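There are 2 protein chains.
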Amino acid sequence: MNRRASAADFAAAQRVAHLGTETVFAVSSEAAALAVQGKTIYPFHLGDLNIATPENIVEASLRAIRDGKTTYCPNAGIPQLRDALAEDVSRARGLDYTAGNVSVQPGGKPVIAKFLLTLMDPGDEVLYPNPGFPIYDSLIGFFGGVAVPYTYAEGSDRFHLDLDGIARQITPRTRLLILNDLHNPTAAECTPVELERIAELVLEHDLLVLSDEAYFDVRFAGASRSLASLPGMRERCVILYTFSKKYAMTGWRLGAAIGPKPIIDVITTLNVNIESCPNHFVQYGAVAALTEDQSGPREMMATLKGRRDVALGILNATPGINCLTPETTFYLYPNVTGAVKSTGCDGHESFRRLVLDATGVSFCTRLHFGHALEGEDQYYLRLAYSGVSTAQIQEGLGKLKTLIESYN
Amino acid sequence: MNRRASAADFAAAQRVAHLGTETVFAVSSEAAALAVQGKTIYPFHLGDLNIATPENIVEASLRAIRDGKTTYCPNAGIPQLRDALAEDVSRARGLDYTAGNVSVQPGGKPVIAKFLLTLMDPGDEVLYPNPGFPIYDSLIGFFGGVAVPYTYAEGSDRFHLDLDGIARQITPRTRLLILNDLHNPTAAECTPVELERIAELVLEHDLLVLSDEAYFDVRFAGASRSLASLPGMRERCVILYTFSKKYAMTGWRLGAAIGPKPIIDVITTLNVNIESCPNHFVQYGAVAALTEDQSGPREMMATLKGRRDVALGILNATPGINCLTPETTFYLYPNVTGAVKSTGCDGHESFRRLVLDATGVSFCTRLHFGHALEGEDQYYLRLAYSGVSTAQIQEGLGKLKTLIESYN
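In the order they appear, the protein sequences are chains A and B. Residue numbers are given in our numbering: position 106 of the first sequence equals residue 106, and the series is strictly consecutive. Residue numbers are given in our numbering: position 353 of the second sequence equals residue 353, and the series is strictly consecutive.
Please keep in mind that the hints were generated in silico from the structure rather than gathered at the bench. On a predicted model such as this, the values are computed, not experimentally measured, just so you know. Errors might be hidden in some of the hints.
Note: identical chains are not told apart, hence a pair may lie in one copy or across any two.
Derived pair list, reagent style DSSO-like, types lysine-lysine, alpha-carbon separation capped at 30 Å [what the hints assert, rightly or not]: (1) LYS305 with LYS399; (2) LYS39 with LYS341; (3) LYS305 with LYS401; (4) LYS305 with LYS69; (5) LYS39 with LYS305; (6) LYS39 with LYS69; (7) LYS261 with LYS69.
Using the sequences and the hints, build the whole thing.
What follows is the structure in structure tokens.
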């Protein structure tokens, strides 16, 4: 077992070979390096917000510090927050969760790891979206599972998930389904009929579901739906909830796992083992977020809608770019196949570099959300408009348009 | 693979059968329930602090919120905090860490899970202290390793770890050693000669070490030593650092892994996967903690020393109780074998319940820090004096003394 001579060549555990990352952070670093050199950067790459956390949340957290909430708190979170989350999530989904169904987490992301650690054995197959949030694939492999991708297809007016692909790939080893309806990066949403079909498959094949609902409350029109609301699904879904997006609290790191009590109890025991509890006093801010005046999130959504519309206008006026209009998330997922070809680029990455170097517009592409699947012949970008002002959108995407036009 | 009919009998992953917990939380709940019934409780069970976080830390965090530090931050933590930690930890240990050796974490505890995930393969043997922090044993088993306990023995003036037990139990499958010098619960510290012997074993058997230094800066006299300071050990040790104890920041959830860069890089990739980053703005508070006036921690240590001495005086005046004087941690680990016998109790748990019911003094015993090992015939309590006032100590331990005397 002499696996190394020094730490410089230390032998990591075998599972580390399966560990992925979020390559978006490499794009961030690259953009930051260019900015340091004096280049004007238009940051469309990161799903972060350049909008302040509402003041009432800050004030409630500060009061909690002054009130001595700087000690450990219960492993599953403070009772007031578990109650408020159960009530809020139940109301929006027509369900009846109580505090016992809620385990507060230091962010939404920890729910992914804890869901897999609780329910996935080595060799179990897990269906996950590709394109999709890259951490699903990474952690399935890291914890010994088999990651089975299903995809999304572009329709005439929306993206939709490949239901046949899900059904076709279910085997006796399939145990879990990861669903990210209100989807990052495509902003796709299932129709009620599609959700029913998913529920049928879940019941027929005895699956459990991670329902990543990070963007459930981030929408411009209509109402979000949760798979958990369908008959039989409450007992088979663990909802990933986060305060990050709705309340502009990305850096606060607060979220929750919400689902059947026996599963939530194990997840809370993982809290005991992995981090004891989330930060104590920010949970009082989160209670204020859920129970007080909602003008903060409303104003944020109005701001985001304005940005979305400006971006859509410029993108769809650019030759070789076509972008559908999503009603949820703060991402656009334009099809840029024509522009990639007209600029003579040989793929996603060369197009990304061309645009970044020529215009300073920094974004992710389809390849930052998983490896390309067999038969893919279209090119897509993911533009996050959560961290750029309307003026930056006009200027940056204007430069992008001029660049593409110069090739036509 | 039909493993359940509903979530009520959901089948957890097999690893969940190996997941332990901190039974101290059960003691907390029990004490809280008695308090609700009107009983006066003297809380010696939990290693939490009833001392406010120093004001400069609160102020720096608040300024960071106002300054927009509510967004994501780099996965390894903000550069200023990594620099400050590298400098502080290096100075205290005579080492030369830089920011690249530091990965900031949402608490000290996450370092345990990430160390094991990075370095332990299924079947690897890991030496860990018993009595000791119960999470070591739990997570070694949960992630598929084999937990091999070594113990501590009571000497005439101090507890010392069983070096022969470590040496005797090393096999070709032994890969990792968990060392918690400045030890919870016994407050034991290795002598320089003992640390040298550990370093020899580590080199001879090609081990890597988790050096849990949570209490490194919590001491009343003398200077702490780190195994990492010994020749060859910097490259083989990952230090668990926490702000929880030194700065009365338990509920802030902030710590760090500090060690060889190749290992730290993997741990930071685990940050990307598991929680993105620690809370952003509290890291500015931590920079203030490390770089500004240290009167807060100094006053805290003076307060704790006063409590320690009062507690020691009463314990050592109680028949059948003998307690050594530790210069570190905020725990006392009295030998209560005589008192257990004089009260007619048949073990740790019945003695704990007798005292709790008769006096309201709530504490943990040896059994909250691991299963009893073969040949153990002494009884020990762990009394945390971090969360009780001097008046509570006098009153509570006074009642304990009176109770024990009534049996003699």
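The hints, checked one at a time:
{"no.": "1", "hint": "LYS305 with LYS399", "verdict": "within (21 Å within a copy, 66 Å between copies)"}
{"no.": "2", "hint": "LYS39 with LYS341", "verdict": "within (26 Å within a copy, 77 Å between copies)"}
{"no.": "3", "hint": "LYS305 with LYS401", "verdict": "within (21 Å within a copy, 69 Å between copies)"}
{"no.": "4", "hint": "LYS305 with LYS69", "verdict": "between (37 Å within a copy, 24 Å between copies)"}
{"no.": "5", "hint": "LYS39 with LYS305", "verdict": "within (28 Å within a copy, 56 Å between copies)"}
{"no.": "6", "hint": "LYS39 with LYS69", "verdict": "between (44 Å within a copy, 23 Å between copies)"}
{"no.": "7", "hint": "LYS261 with LYS69", "verdict": "within (27 Å within a copy, 35 Å between copies)"}
Comparing the model with each earlier hint shows no violations; every hint is respected.
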